[in-house]
Structure formats: structure tokens, C-alpha cells
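Guided by the hints, dock chain B onto chain A, whose structure is given.
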Amino acid sequence: MNPESPWLRGAVVVAVIFLLHEAVLRSLRIDGIRPDLLLGLGIVAALVGGPEAGAVVAFVACLLGDLFVNTPFGLSALVGCTVAYVAGSVQAALGPNQRWSIPVLVGLGSAAGEAMWASLGTVLGLQGLLRPHLLVIVVVVSSVNVVAALPLTVLARWVFAGDADQATGPATRGFAS
Amino acid sequence: MAVSRRSARPRFTLVVLIVASLTLITLDIRGGGTIPSVRGRARDVFAPVQSAASSATHPVTDFFNGVFQYQSLKADNARLRAQIAQLEAQQIQDQYLEQTNKDLNDLLKLPFVGDIPFVAAPVIAGPESNFQLTIVIGRGSSSGILTGMTVVAGSGLVGRVIEVSDNQSTVLLLTDASSSVGIQFAGAQVVGVATGQGAGHPLAVTLAEPNATVPVGTGAVTSGLEGSPYPRGIPVGTVSSSIAQVGVQAHVVSISPIVDLGRLSYVDVLVSTSQTEGNGAGGAVSSGGVAGPGAGEATTTTSVPTTTTVPG
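These protein sequence lines are chains A and B, in that order. For any residue, its number in this note's numbering is found by taking its place in the first sequence, counting from 1, and adding 21. For any residue, its number in this note's numbering is found by taking its place in the second sequence, counting from 1, and adding 42.
Just chain A, with the same shape it has in the complex (with noise of 0.2 Å):
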């Protein structure tokens, strides 16, 4: 397989990801809460490789989050694919070059993923997510996903280095420039 191709590139940079999400993620916590970076990684990847291909890397990571979770499988996987898909539409009618649009639509769409994510489990039938504690929820994972979109980003200009022409929407000379 070319090294150079975006899907190996990308595997690479989920499995990292994921690995670090897991392995030392899981007991650094801020107010009780766990960051969530990979929400982070699929609306970063719609961001820099267009709505796509953040919609397969956000289904990908979120789903084998969902392997470590006894939330119903498959939840986080629809929610991050849709807020990828949705954040990575938004970059594409701003444009390339708006160097906020990365930070500010990563913040909105972790912020959007949270609630919609406590929306579909109380619709499916888990207990307690709506309360004002999902409030806390949002802000950590929405700033802490903020912080990490500068290096998610490199990440992401990595994985769609030789993919950029074919992109849909890259902010190819974006936040990170």
C-alpha cells in the first residue's frame, strides 16, 4: 500500500488517537468529566479534508470508542459522523482561508455532539442525561477539544497531504498557518 495514501495516514492517526483517548485519557479528568477527543479528530478531519472524509474518520473513531462504552453501540459513531459531516459543510461555504473557522466550529460541533449524543440516549431510553450537569459536559469537552484542534489539525494536513486537490472543502491555509 502507498504510505502516502490518506486511508493508511489517517488509520495511523485514528489508532493514535484512539490509543491515547484509551490508554491516558481515560483517567486524566477535568471535574469529573473526560475529554473526548475523538469527536474532536472527525470534526477536525471535515474541517481540513472536507465533509466525507470527516464522516468516515468521525464513524471510525467514534465507533471504536464505542467498543469501551455500555452505551448502546453505534451512538457515538451516528452522532460524530453527522456532526462531522455537518461542521465540515459549514467550513466548506466559509472557505479556506478564515484561520477562527477551525477552533470556533471545532468548539460548536464538540458542543452540538454532547447534546445531541444526550438528545438520542434519552430518546433510546437512557436515564439522566438532560439535567444541567450536561451543561458541564459541554464546556469541558467543547474547550478541551478546542485546545487539541491546533494539533489535531497538523495531524489532519498529514493525513490529506496528497489528498488536498481532490478535497471538498480543505482549510488548507487555516488555523494552523
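By construction, these hints were calculated from the structure, which means they are not laboratory data. Where a beta carbon is used, it is the ideal one built from N, C-alpha and C, also for glycine. Each hint should be verified, as a subset may be incorrect.
Said to hold, decoys possible - Derived SDA-like pairs (lysine to any residue); straight-line CA-CA distance at most 25 Å:
#: 1; chain 1: B; residue 1: Lys116; chain 2: A; residue 2: Asn23
#: 2; chain 1: B; residue 1: Lys116; chain 2: B; residue 2: Phe105
#: 3; chain 1: B; residue 1: Lys116; chain 2: B; residue 2: Ser184
#: 4; chain 1: B; residue 1: Lys116; chain 2: A; residue 2: Ala32
#: 5; chain 1: B; residue 1: Lys116; chain 2: A; residue 2: Leu49
#: 6; chain 1: B; residue 1: Lys116; chain 2: A; residue 2: Ile51
#: 7; chain 1: B; residue 1: Lys116; chain 2: A; residue 2: Asp52
As the list claims (entries may be wrong) - Here are the simulated distance ranges between beta carbons:
#: 8; chain 1: A; residue 1: Arg120; chain 2: B; residue 2: Ser114; range: 35 to 41 Å
#: 9; chain 1: A; residue 1: Thr143; chain 2: B; residue 2: Gly196; range: 46 to 52 Å
#: 10; chain 1: B; residue 1: Leu188; chain 2: A; residue 2: Leu171; range: 57 to 63 Å
#: 11; chain 1: A; residue 1: Arg120; chain 2: B; residue 2: Gly196; range: 25 to 31 Å
#: 12; chain 1: B; residue 1: Gln231; chain 2: A; residue 2: Ala36; range: 54 to 60 Å
#: 13; chain 1: B; residue 1: Gly196; chain 2: A; residue 2: Met137; range: 38 to 44 Å
Coordinates of chain B only, in the frame set by chain A:
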């Protein structure tokens, strides 16, 4: 034409991904062994990696956790010092009460909760999700643990096992919003159901007799009534508030868990497939009683436990 094809393709991909997600969710909710089995295997395969990474990064995560929780640790320290002084005095009284309780149970030929065999397990991780209060313990089906078993720590109830793989199990904490436990108040014939209210919140109690009065400080133990997944007589907590509602003869009762669910290192899983095995532990458990298991067979553990910070 080319433009419309390009814009349609991402939507097609999204639709495929959404349909795939919904299919997986449906399969999981409808039950069956495939998805739990895949999850269990993934956890077992990934457990050594998690353990190694956790050991390697422990100083870093400890540092950050210390930074983020400095104020709460200070407050905890002061509170625990006060508690130690209080408990030292209470311990003497408890030893006498425990012996009396055991003697009475022996006379009545009733099994004591402490007689149920248990498996000691290290707590290896806190909640995996921000939306469910669980802990992961380093013992699984290979140690005889089954879904539904009761989990206790030294002085009282922690929760119950909801998922098991070969070498790990997931325990739903009693503070989770989906967790309910039948309780009985010490010194009173009042029973009720305590429901979790989330991390850091006391359990909300629905009394069987709404106009019953339960004083603050009263101890509550598991009632073990028919259908309850928990054996009878395990301390759950003490009444932290009991407020009479205006206009109706009813009290809003809350109880604080007796176990500090936020700092668990080891827990004991009661290896009892039937709730009735633990029934009849004797109701003579006083406030802050000592009905937790302590006399069963202890299992030597090889994993290195970490005091896991759980938003319990």
C-alpha cells in the same frame, strides 16, 4: 453534471454511515450475544495496552488531576481527618454491635451478608463515558463474576455488575440515574426505593409510606425484598435530609452513600447468582453499620490498583 455528482456523493456516504449506525444501535438494543461479545473481546485484548499506558503516564495524569482537584482534595482532607476521629470512637461500639448481631444471627440460623463468598477486584478505571457512572474492575467471568452481581466496598454498597468480559467487569454505581435500590431504614419498619441522582448528589428516596418520618442521620440498608437484585442488609447510606413537603403529608428524603464512590481502589463482588442467598441477613444494622462482607474467601489479586477518581 460533475458538480452535482460530487455534491451528491458525500451525502450518499453520510446516509450509508447513518444507516450503518442505526443498524448497529438496533442490533445492540434488541440484544443478542454478538455485540457484547465483540466488546468483551476488544476490552480483553486492549486491557494490557491500557494497563501499560496507564502505568507509564500515571505521574502525568496524577499531576493534572491534582491541579484540577486541588481545592476538593483540601476539603476532602479536612473532612476525612474529622471522620477518622469520629470513626475511631465508633469502631469500639461497632465491634460490640457486630458481635451481638452475629450472635443473634447464629441463634436464628440466618445467613449474614459477610458469609457470602466474594471476589476482591482492583478498580482499574473510572467511567468510560461522561453519561454513565460506572467503574471498570480487573476481574471478569474467569473469576466467576456474572452480570447482576452485587458490588460492595469495605463499609457498604457500591453498585452491581452490568457487563462482564473474561478479565474485566463494568459496575454501575448506585449514584447513576438509572440505578435504583430497595432500602430499609435502621430502627424503623420504613422501606423505600433509593434512586441515583448523578455524581456528587445524594440518592433520592421514594418511601413506600409517603407520610413516614425518617430522622436525619438514620442508616439505610438494602431491603432485599422480592425482586431486588441486592442481598439484604448491606449498608447503603445515611439520611442527609428529610424535608416535609408543604401542603401534603409527605417527606422528601435523600441519603448520602456510605461509600466514597469517588475514591475506590478495591471492591468486593459478592459471588452469589441468586439474591436469595443473601436474604435474611438480619435487620439489626444500625446507622453506619458494618454488614459488609469481610469474612468470605479473599482472592489474591495481581493487578496493580490505582485509586480511581470517579465522579461519584
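Do the hints match the structure? See the list:
A C-alpha spacing of about 55 Å is found between lysine 116/B and asparagine 23/A, which places the hinted pair above 25 Å, so the restraint is violated. Between lysine 116/B and phenylalanine 105/B the alpha-carbon distance is near 15 Å, which keeps this suggested pair within the 25 Å criterion. Distance hint between lysine 116/B and serine 184/B is unfulfilled; the C-alpha atoms sit about 40 Å from each other, more than 25 Å. For the suggested pair lysine 116/B and alanine 32/A, the alpha carbons sit about 43 Å apart, so the restraint of at most 25 Å is broken.
Distance hint between lysine 116/B and leucine 49/A is fulfilled; the C-alpha atoms sit about 19 Å from each other, no more than 25 Å. This hinted pair checks out: lysine 116/B and isoleucine 51/A have alpha carbons roughly 17 Å apart, not beyond 25 Å. Straight-line distance between C-alpha atoms of lysine 116/B and aspartate 52/A comes to about 15 Å, which keeps the hinted pair within the 25 Å bound. For the hinted restraint 35 to 41 Å between arginine 120/A and serine 114/B, the CB-CB distance of approximately 38 Å keeps it satisfied.
Roughly 35 Å separates the CB atoms of threonine 143/A and glycine 196/B, a value that falls outside the hinted 46 to 52 Å. Taking the beta carbon of each, leucine 188/B and leucine 171/A are about 46 Å apart, not inside 57 to 63 Å as hinted. At roughly 55 Å, the beta carbons of arginine 120/A and glycine 196/B sit outside the given window of 25 to 31 Å. A C-beta distance of roughly 58 Å is found between glutamine 231/B and alanine 36/A, which places it inside the suggested range of 54 to 60 Å.
Separated by about 40 Å at the C-beta atoms, glycine 196/B and methionine 137/A satisfy the suggested range of 38 to 44 Å.
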